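Undergrad: As given, the protein sequences belong to chains A and B, one line each in that order. Residue numbers 7 to 130, in the numbering used here, belong to the letters of the first sequence in order. Residue numbers 4 to 228, in the numbering used here, belong to the letters of the second sequence in order.
Hints were generated in silico from the structure; no laboratory data involved. For clarity, every value in this text was computed on a predicted model and none was experimentally measured. Even glycine gets a Cβ: it sits at the ideal position worked out from N, Cα and C. Hints are not guaranteed to be accurate.
Output of the computed footprint for chain A on chain B, the stretches with three or more beta carbons under 8 Å from beta carbons of chain A [as the list claims (entries may be wrong)]:
hint, segment
1, 8-18
2, 120-132
3, 151-160
Residues per chain are reported as follows:
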Amino acid sequence: MHEFSIVSSLLEQVLEIAKSNNALKVNEVEIEAGVIRQIVPEIMTTAWESIIVDTIADGSVLKITVVPAIAKCRICENQFEPEIDNYLCQKCLKADVDIISGNDIMLKSIDCQTLNEQEEQDED
Amino acid sequence: MKIKVIKHILAANDEIASLNRKKLADADVLGLNLISSPGSGKTTLLEKTIPALLPERSSVIVGDLQTGRDAERVAKMAVESIQINTGLSCHLYANQIQSALDDIDLAQTDYMFIENVGNMVCPGEFDLGENVKVILYSLPEGDDKVAKYPTIFSVADIILLTKCDLKPVLDFSMQRVKEDLAKLNTRAPLIEFSSKTKEGFDEWLDWLRKEKREHVGRQVGFVKE
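Working from the sequences, and respecting the hints, build out all of it.
TA: The following block contains the structure:
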């Protein structure tokens with residue numbers, strides 16, 4: 007269910023950015039989700055499709071890229087790519103890490119149609 | 004037009020969480036986020052812990068989908084006890100804690116216990132501004148839960164294995180839990196605990212006081228890392 011909370015925050019940001027760029031319509035939204043966030047892309051997409059109705063993002067495509075995690079051992083500072091169920095450092099055999107990448111959900115880009123673009127198209 | 008953005012999607016929640024953390028720090032209060040499945044004994048733990056910590060005082064914020072029952076249970080012993088009904092939301096948000104903190108006398112509070120909605124997935128995703136995450140895991144849930152919910156156990160600062168008084172009647176492999184945790188989190192202490200028999204209770208109280216000293220001390224600059 008956390009996918010719904012995430013898309014709510016995402017939509018707020020997308021609409022704000024779209025508005026400040028005088029966008030008429032949002033066509034595509036690109037996000038990166040760290041593997042540790044355990045996002046299920048299908049649920050996320052369904053949540054997105056249900057939340058964008060009656061906004062300028064209605065009909066937009068949500069592109070999700072899942073990025074791997076990088077852990078840094080707090081004991082020996084070894085950096086490695088952990089599995090979601092295994093944070094064991096192979097150097098010191100402790101599981102005491104900071105996740106330095108792959109724990110975020112980031113908005114990367116928004117593709118939208120602006121008033122100027124529409125006017126140019128109309129002129130064509 | 005493609006607009007490049009690099010923005011944390013949960014930035015709004017995280018920013019409020021930081022404000023909550025600062026507010027607690029300014030008042031020398033330790034913030035604890037209690038996370039577990041429903042029915043693992045979070046409220047019972049608080050009923051036993053709050054009186055035992057006196058003269059240090061505690062306030063409680065409880066998140067549940069419905070009812071004010073848990074807040075009522077701890078109301079008599081806490082400085083303040085606030086219930087948040089989350090409706091269909093399966094976790095608390097930082098802004099809910101922010102508004103609850105406005106109603107809590109932090110000058111009279113040493114420990115701010117936040118009892119999250121019973122759920123082993125979503126509460127781990129949303130920073131509330133706490134200093135530590137306390138994970139409760141009760142014996143009747145079975146010995147496979149660390150492996151099944153790795154993320155929440157990997158971020159735990161302490162794990163309380165509750166209802167340990169049921170050990171004699173359950174086929175629960177402590178060894179399996181320890182082996183699974185050895186791959187996920189060797190930082191958090193694992194305490195075999197029972198609110199009924201008080202097994203592990205002194206260890207839990209010692210840990211709370213140690214965290215209070217370390218976090219509050221660190222925030223006001225007494226302890227150097």
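Undergrad: List in ascending order the numbers of the hints, as given earlier, that are violated by the structure.
TA: No hint contradicted; all consistent.
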